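There are 2 protein chains.
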Amino acid sequence: MRNFFWGDSVANGAVRKRVLILGGGFAGLKAAQALADADVHVTLVDRSNHHTFQPLLYQVALAVLSPNEIAQPIRAILRAPNTQVLMDEVVSMDTAAQRVTLKSGTVLQHDYLILATGSTHSYFGKEEWAHLAPGLKTIEDAVEIRRRVLLAFELAENQMQETGRHPALNFVIVGGGPTGVELAGSISDIARLYIRHDFKHIDPAKAEVIIVEGSPAILGAYPPDLQASALKQLAALDVKVRTGARVTDIQPGYVMLGEERIDSVVTLWAAGVQASPLGKMLGVEVDRRGCVVVDDHLHPAGHPEIFVCGDLAAATSEGKPVPGVAQPAMQMGDYAGKSITLEVQGKQMQKPFHYFDKGDMATIGRKAAVANVKWPFKGHLSGFFAWFTWLTVHIFFLIGFRNRFSVFRSWAWTYAFFEEGSRLIVGDQTLPGWDVQDKPEGHLTTRPIDE
Amino acid sequence: MRNFFWGDSVANGAVRKRVLILGGGFAGLKAAQALADADVHVTLVDRSNHHTFQPLLYQVALAVLSPNEIAQPIRAILRAPNTQVLMDEVVSMDTAAQRVTLKSGTVLQHDYLILATGSTHSYFGKEEWAHLAPGLKTIEDAVEIRRRVLLAFELAENQMQETGRHPALNFVIVGGGPTGVELAGSISDIARLYIRHDFKHIDPAKAEVIIVEGSPAILGAYPPDLQASALKQLAALDVKVRTGARVTDIQPGYVMLGEERIDSVVTLWAAGVQASPLGKMLGVEVDRRGCVVVDDHLHPAGHPEIFVCGDLAAATSEGKPVPGVAQPAMQMGDYAGKSITLEVQGKQMQKPFHYFDKGDMATIGRKAAVANVKWPFKGHLSGFFAWFTWLTVHIFFLIGFRNRFSVFRSWAWTYAFFEEGSRLIVGDQTLPGWDVQDKPEGHLTTRPIDE
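These protein sequence lines map, in sequence, to chains A and B.
Counting from 1, one number per residue, gives the positions in the first sequence under our numbering.
Counting from 1, one number per residue, gives the positions in the second sequence under our numbering.
Pulled out of the complex, with its shape left as it was, chain A reads as follows (with noise of 0.2 Å):
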């Protein structure tokens, strides 16, 4: 069993190279499905057993689609004979012995790194604020989310029935970017459309979305154009938008803009990211983000054998920053996966990397979305036909048959029958802050249910 497969030697006898690639995410992935026909040895270490489709994440937040839907284990995505995949943790690096050792004790040898691991929340140095308002990267924190926001409104109906009143159903969301917007929209929508009457004593519809932006403007990275399309969109959802505002400080129940305080019994984060510590620990060049400086080759100064892809990268195409989101991250996990391929074979290295951009889009709830597209044509599309074109593209780079087929019947079934796909609160059942919020005294009376 133990050599099953490192034991293998090449037919000249040479020692076959071997290639590290560190993170499952879009970059990874790709990486290692372009080295799956190389004469390499490629390990692949995620710390999660399955690859997340993340644009879709907010969907399983709020429950039109589930888990197993956007995600699927990576030892099922990657097959080929060259390729391992380890469920680990990296726990130190030495670039110079070309050695990384995982938490298992494990000890990787490698003659090229891939270093992929992407970026997590970052919440600027108030680590206390991650528990009250969750941000949107894993599985984990869109199940926490879903559990949240329908949570809500069960403790409202039972508060209701109890006492005649509830607190004001607030949902906060930090961040005006993409995830921020379609989150936003989402809950709108199922307060709205999806549970509406699923409720006696509460009006779901009466909840209100409000997008806390810093910065003047909401989705930052559109044209001006379609930050107005948004704008308007996510108002005729009854989102409202603070831009220009920056939270203080965020508590159980409510957060702080200054000296204003907005109750919320629901606070989500999509404001800030920060790159996985695992860039600083290469010891080379990063930016104030923590993201590693690479050469156009993605290469860290100095460093020819590691290649740093996806939103880990500060990278440039053109002269222009890559941007940290799904396509390029793709783009240069299998700009990593040939470099190395040519070069195991002594070829010519390949051109700089050039980030092909096709465009962005943000969905704003149902039928809603704004996409600024640049390849197959250029135009800025708003509304319905925004949002058709986002369904299509999405189908279409979701990771397996099953899964798109299974998304596509889910988004069918939504979208016809106003009926949500997986609204199932799984955990505890309590909210931080929701015992302090506006319980009125002598709330214990046995007030008959009949009165």
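Please note that a few of the clues may not be correct.
If chains are identical, the list can't say which one is meant, so a pair holds when it fits in one copy or spans any two.
Derived EDC-like pairs (lysine to aspartate or glutamate); straight-line CA-CA distance at most 20 Å [unchecked claim]: (1) K378 to D334; (2) K367 to E140; (3) K378 to D360; (4) K351 to E318; (5) K280 to E128; (6) K200 to E89; (7) K137 to E127; (8) K280 to E343; (9) K351 to D296; (10) K137 to D238; (11) K347 to D296; (12) K200 to D39; (13) K103 to E144; (14) K232 to E305; (15) K378 to E208; (16) K358 to D225.
Source of the hints: derived by calculation from the structure; they are not laboratory data.
Computed from a predicted model, the values in this text were never measured in an experiment.
Could you slot chain B onto chain A? The hints should help.
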């Protein structure tokens, strides 16, 4: 808003009777459905926001189905205008005053009470075993079992890669009833069929699944020929069965049968159940397991306004005890609902409760099962045909067209392509006892992966 639900009055000016249903399992749901058109107010309280189709829970635990395929929000099932659903927990019951107090503080006054809170695991007083050997009652349990089973293979792969050996992949299942047999067969299926080719270092097919049953036979409620058939079918799946063997201790990494120690990377509990503690709260006669002794109209002695249904009831039908499974639970719930409907209409009381027994079925992995059919024909089925019957019946009884379709699709996929549907590990990466198991000295050596 306050009186949206309770404020309506009956045409003739009389006050509408209030029915309180505790528990959203099969019995509680059926009772609520039987009362949907009755001239009463119905309140159903459950700790969780969803109804779980328990007969298929083991398929979530073993990665065939995803949670939302077998669970649905109770609100989405019970939409009758006279019915409200509260996600809450019972704190105390006052049967004299006909009043139940919930955790949120809500006090529910009622004219009728239908108690259907079922049963939970019993560790026979050894509560410290609970986290070492999880049982299978809720979606949370199922996700936890799935995490442990899949993680065991991942950890073994890591350790094999690191040290060249790994702990024996023993899965010990305590209890040889239907749940134990279903869990055992499914783990064997996973190891031998579904994930076999996913690993490079370990051979998942070498996993050992061991059922430990205290009594002399597995599937105690089945006739001897089906017990024998089940044993044969389990043997074909390489499942070891130890009957007449009592677990005396459970520790991280192993279980003890008297003096004998069996290593176990994952131990699962399918042995004892005990009645929900609400049975005792009623202050009436309960049996040894805590089940409420009821008369032939499902009333506890002296309480014609209370019905106890499902697992929690120690009921008899034609002198024989009614088993604690789904079919009689549904029939009891329906009976209670109809009794109240008739009583409110001033009509004659129903005949005593009679359990219409259609038979029992237990699956033993893919294409294997036993069925003791009593209706529409009498007969003992084994093997593929029993399995196919099981499949058909369970699809038929699943609540909601959407779930049926989805489960059918997942099964078709799994059984046609040998690929499991929902193999995500959600949660942390630790297994109790893994660290203390079989760890060779000096495992932090830098063995190159190419050796």
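Structure-based check of each hint:
1. K378 to D334: neither (25 Å within a copy, 62 Å between copies)
2. K367 to E140: neither (27 Å within a copy, 34 Å between copies)
3. K378 to D360: For K378 and D360, only the intra-copy Cα distance (11 Å) is at most 20 Å; the inter-copy one is 63 Å.
4. K351 to E318: within (12 Å within a copy, 84 Å between copies)
5. K280 to E128: Neither. Shortest intra-copy (23 Å) and inter-copy (42 Å) distances fail the 20 Å Cα cut-off.
6. K200 to E89: Close across copies (18 Å), not inside one copy (48 Å); limit 20 Å.
7. K137 to E127: within (16 Å within a copy, 35 Å between copies)
8. K280 to E343: The answer is neither: 27 Å in one copy and 74 Å across copies each exceed 20 Å.
9. K351 to D296: within (9 Å within a copy, 84 Å between copies)
10. K137 to D238: For K137 and D238, the Cα distance exceeds 20 Å both inside one copy (26 Å) and across copies (41 Å).
11. K347 to D296: within (18 Å within a copy, 85 Å between copies)
12. K200 to D39: So K200 and D39 pass the 20 Å test across copies only (17 Å; inside, 64 Å).
13. K103 to E144: neither (26 Å within a copy, 22 Å between copies)
14. K232 to E305: Cα proximity of K232 and E305: none, with 49 Å in one copy and 56 Å across.
15. K378 to E208: neither (36 Å within a copy, 59 Å between copies)
16. K358 to D225: within (18 Å within a copy, 65 Å between copies)
Against the hints set out earlier in the document, violations occur for numbers 1, 2, 5, 8, 10, 13, 14, 15.
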